[in-house]
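**Q** The working numbering numbers the first residue of the sequence shown as 1 and each following residue consecutively.
In short, the hints are calculated from the structure, not lab data.
Fair warning: there could be bad hints in the mix.
What the hints assert, rightly or not - Straight line, CA to CA, 20 Å or less: simulated EDC-like cross-link-like pairs of lysine to aspartate or glutamate:
#, residue 1, residue 2
1, K65, D78
2, K125, D78
3, K125, D86
4, K65, E158
Unchecked claim - Simulated restraints, written as ranges between beta carbons of each label pair:
#, residue 1, residue 2, range
5, V5, S148, 31 to 37 Å
6, D8, K65, 25 to 31 Å
7, S7, R84, 21 to 27 Å
8, D86, P138, 14 to 20 Å
9, D78, S115, 16 to 22 Å
10, K125, G85, 15 to 21 Å
Backbone N, C-alpha and C define an ideal beta-carbon position, used for all residues, glycine too.
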Amino acid sequence: MADLVHSDEDERTVEAQLGRPVRGSWRVARRCHLGVPMVIENHPRLPDGAPFPTLFWLTCPVLTKRLSRLEAGGFMADLNDKLRGDEAMRARQARSIARYLARRDGREPIEDSGSPPGGDPDRVKCLHAVVAHELADPPNTAGALAMSAAGHPDCRAECVATP
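Could you build all of it, start to finish, from the sequences and the hints given here?
**A** Following this line, the structure appears as structure tokens:
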């Protein structure tokens, strides 16, 4: 956990982006072109020992809204059809998931009750999770396709005002 450190300014920014306090140990894993946090990397467990739901958390409000629109518009169903129909794509996604699990378990092994938050090699459950993975620790095949569809934010000003 020693390498999961962040500044007070990053904490204020991420909390403003999320609209709530950040839980557990974390660090900024990716910043946008303006230097604002886009993705944080979380420790696999909260201080009380409970598993944390995801290793990488998308904090960028612009991408969060865009990906929510894509999910509502059926993009995930189309993406899942592509994954199921393309063995090579599914194999690349499986390698991404294996890398994700190895990184998480390198911090602390977590007994899985299923797939990681983003989904399985043939079924994406959350575009936000796979894009966070793609931005923080590429490649993530599904995340790259979702990023391409959402478009990389080209903000001209910081997305949040911090106290």
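**Q** Hey, K65 versus D78, does the alpha-carbon distance stay inside 20 Å?
**A** holds, 19 Å
**Q** Holds or violated: K125 with D86, Cα cutoff 20 Å?
**A** It holds: about 18 Å lies between the C-alpha atoms, which stays within 20 Å.
**Q** Measuring from beta carbon to beta carbon, are D8 and K65 in 25 to 31 Å?
**A** Roughly 27 Å apart at Cβ, these two residues keep to the hinted range, so it holds.
**Q** Determine whether the Cβ-Cβ distance between K125 and G85 falls within the hinted range of 15 to 21 Å.
**A** Because 18 Å falls inside the window, the suggested range holds.
**Q** Just to be careful, I want the Cα atoms of K65 and E158 compared with a cutoff of 20 Å; is the pair within it?
**A** holds, 16 Å
**Q** Quick check on a hinted range of 16 to 22 Å for D78 and S115, using CB atoms only.
**A** For S115 against D78, whose Cβ atoms are near 19 Å apart, the range 16 to 22 Å holds.
**Q** Okay, S7 versus R84 on CB: inside 21 to 27 Å?
**A** Check failed, 43 Å falls outside 21 to 27 Å.
**Q** The hint says 14 to 20 Å between D86 and P138; measuring C-beta to C-beta, is that right?
**A** holds, 19 Å
**Q** Check the following: the C-beta atoms of V5 and S148 are separated by a distance inside 31 to 37 Å.
**A** holds, 32 Å
**Q** Quickly compare the C-alpha distance for K125 and D78 to 20 Å and report which way the hint goes.
**A** Status holds; Cα separation ~12 Å.
Comparing the model with each numbered hint stated earlier shows that hint 7 is the single one that does not hold.
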